[in-house]
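J.: Sequence:
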Amino acid sequence: MEFLGENHELKAEAESILKKFEDQIENLKKSDTESFRRKFEKAPDVEAKSRHLRNLLETNIPASALLLDHLLKNQNRNPLEYLLLLSYRHSVAMSLESFTKARELAEKAHEIAKDLYLNAIRNYMDPKIPTKSAYNAYIKACVDLLLVCRYQGKVEEAQKFLEEATTVAEKENDTDDKHLLRIFYGDILLARGQLNKAIEDVFHPLLRQQNLTDYNKGLLLQKLGNACRSAARWGQAKEHLRKSILIARNQGDKISEYDRATDLGNVYRSEGRIADALKKQASHMGYAFNRGDVWGLTVACFNMGFAFYSITPKPDLARALKLLSLKHELASRTANEPLRGMAFNNLGKVFCAMGQHEMALKVLSQSVKVAQETLNVAGEGMAYGNIGTSYRSLGNYEAAILNHTKYLTNASGRGDDGGVAIMQRELAIDYLCKGDLELAEKQVREAISTLETIRSKLGSEDSSKIANFDKNQAETYSLLQVILSRRGKFSEALALSELARSRALTDLIRDKIVKDMDVKSASWIYSSDFVSRWEELVDEILKDYKATADALETNFLVYSVLKDYDKNTVQQWLYIWLVLCKQMAGDGERIHFRRVILSEGVEEDTLVDSGFFASLTRSFKMASIKAIGELTAKTNSDEVKEEEDVDSEIPDTPEVKELLLLLGSFSLSETEQRKNLPVTSRIESVDRDLTQTEENEKHRAEMCLERVVEHASWERDGVKQLRRLYDVCISPIEDCLPESSDEKNAPKITIIPHEFLFNVPFCCLKNEKKQYFVERFALSYVPSLRALFLLNQRYKYLKERQGQRKLQLLAMGDPVMVLDVPVLSSSGDEAKNVQTIFGSEQCRLALRDEATKELLLLELKNIDVLHVATHACPQDSEVSVGSRKEKLHGIIKLVAGKNPQCDYSMRGCLLLAPSDKNCYGVVEAKEIAATECTCQLVTLSCCETGLGTLTGDGVVGLYRAFFTAGAAAVLVTLWKISDDKTPIFMHHFYSEFKATGNVFRSLRSAMLFCIREKKLPPQQWAAFSLVGAEVF
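Sequential numbering from 0 applies to the sequence shown in numbering that gives the first Met the number 0.
In case anyone wonders, no lab produced these hints; they're calculated from the structure. Wrong hints could be hidden among the right ones.
[Stated by the list, open to error] Here are the simulated lysine-lysine pairs, DSSO-like style, with alpha carbons at most 30 Å apart: (1) K29 <-> K107; (2) K831 <-> K656; (3) K253 <-> K242.
Given the sequences, and given the hints that come with them, work out the whole structure.
T.: Next up, the structure:
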């Protein structure tokens, strides 16, 4: 544990985990293997004996070692039987002891098997041993030997044994073995860094063969999947690995199943789907621990450690350092030089991120040395890349450029597009810090081009596109905006910032529009390929900004939260653009730009970031729901899977659970609390304004439902915070904002937020004259210009579909809920008010038992406006009590921690009345997304429906599901809303909407009514935000 230094707490945790590993191995050695020995001795043939050994190996490696050692003492065994034992003993040595011992055993088996085969073909052998059996034993010995050489990093020696086996297989004309050895040839090409050659010349032609055995096909798909991951073809990688896992499962091959599952987890990590990666990797960790697989534990420590390092925007460096130190320790103990070299590389990255650059350089130099000794071409390149980053942090930009260029050349030569993109971005930062803005811009544009190519190979999964952008693309687009603004190209920065906004969401909306409206357009709006039209793209986007502003008579207020590099210092800035419509700009400038620093000269309690907004909601005395807790297995009788995935069980033993808790730095007492959760959970809520007692708070904490502690008052903190927000978000551009003396037709502003600014209640920001922003402007929100254009197109299509008939509404409220949640008595009155305003002919009312999940999902495709007043949660849980899924996700939730950035799946739910006895009335976001929706407007009059996971794609939560399904606009809330005050707000809103048909002006009117007539504070009306189409 040399790399944990003086961090005694971290070292103690790592040593505790290592002790767990050691104790588990000793406990497994005590297992009684006598029954296995008897079954082995009684088995009628070598094949049957092999099955018995395999069964033991799948569950207990240390006991397998003891049993095999005992069986090998009998030197008078049939040669084939003895070779079988040696082969299994070699596998055990690789997994438990060392590659050195494994090699000795493999060499011994190879010598015996070779003689056996040569004697067989010369007719010198016992006729009871067929030549085919001797041949099989010889091929197996060659494969065992080439594998251990491969994993030792001795590629040339592995090649020698591969050629030896291939010659024999050709001679015997054994098609299956020729296929198998061809797969290993591709693997050796990968070890030499010849990525594209392995994929295109070996793996793809093999995959087209019609006569592959299941074993060979599963292995081929695994190798091809891993190669595609290295080549940043992540969509193909997932497809191949999922198929390989299913093959292993169908064959009952647990070892291969878990091995391939963790490979799939690595693809997720590369994409940025860290929570999904940790699920796979923790399953592999649990299985390796349960069977005493030291090699498997070494790999699992690497995979989980690197996943924690890869969390964006803030890596979990402590857990990464702990796990990667364990990886180094275990690799050293087993003489696994390639993994030890990779550990040096990973640890170097962590030390660099921790600011310990001298230590990073020391460790990374070791990584280069080991990589060269083991012919790890990719590892050598990655080490140079990390060395370059360390040098840059020390201010040595020339050394940084030199080493980053080395890795760029290395990655390019291997066909590693991911490595190429990373180095192009790093070189851009090098040149930026050096002050060479021209070269910085050149490199960042090349990086974006490479990253867009990678994006095109992700596949169709929405979560992959979102996660990939956050992990791999967001920083590069941010860097481009910084460089362009430094060069005075402010309008160009605005245009290209559009490519960094809501890409996955707009792809989904675009596909629905193209399908429903049969759109054929050459506009960038409908394109997926931005790189090929890069030159004209800036002009097209700026033209569309102005044209859209003019057509809608709106003004765009556009934000980007960016990192800027000032030599060795990283600062956070807010970039603000204002695009005026022609009516407001007149003959003046149409586009204005300002920027303000967020991370300098500001007291910590007023630093504007995500924590600031959590504090703001506390000031509103509206606590935030973070999770729905655990629901029963019956919660979703009609579950919708987001993707075709394959889960592997975590072994359900106390030892495995305790290990995973240690890995996640959670106490056992916390786990014991979670064991006692009731089958039906409570959902933390406030009766849309329920006062929480101290006892309730304690009880809900025990229910493991996170919440923000209420401690601030509106009078003390709220006003101050809103003024601070105004100073940051509005004041810098104040002098350019449009003005109008016509209060009723106040100028429109369409806000395009970024990152945590999605949580800002712009409507209640106050200027020095104590005017709320909504008193001066009519406000709406969109995640991007492209999203606005597409949602407007969707709205026009839905209006045409409506034709001359009147709007049809569905108002749902006060549902009978079987879960233990507070009753929302006023929500029924709210829904009744909607029907009263529009009449029963236009508006269907669904209350109590009629407000069912089934009704909502069925009517989405039949109505024009949906109003729902009920409980909602922005982050629901996927746990199903008593099921295999609970064992997986319940433990993973502890291991993955509480960082929502880990999870990019479609989350959130509404609570309605159950549709039948097998339904709990929980309408999940993914179910909504899978439904056809024809709503021009959806009003989610529930708590926190505008919240979710903040990503480069916008908010991934409940309202996103409605856009995915086809809604044109959604009215959402940013915090908990009052059950008794909300009906007042909604009555005025719908009355105005019925009269004018204008949603955003009706929303403003309702807010002004609350401010001026009802004298209500912002927490009672400012939570509502309109997101989406603006052509009402």
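J.: Quick one, are K253 and K242 close enough, alpha carbons at most 30 Å?
T.: With Cα atoms ~15 Å apart, K253 and K242 stay inside 30 Å; holds.
J.: Given the hint that K831 pairs with K656, does the C-alpha gap stay at or below 30 Å?
T.: violated (50 Å)
J.: Given the hinted pair K29 and K107, is their alpha-carbon gap at most 30 Å?
T.: Judged against 30 Å, a Cα distance of about 28 Å means the pair holds.
In terms of the numbered hints stated before, the structure departs from hint 2 and from no other.
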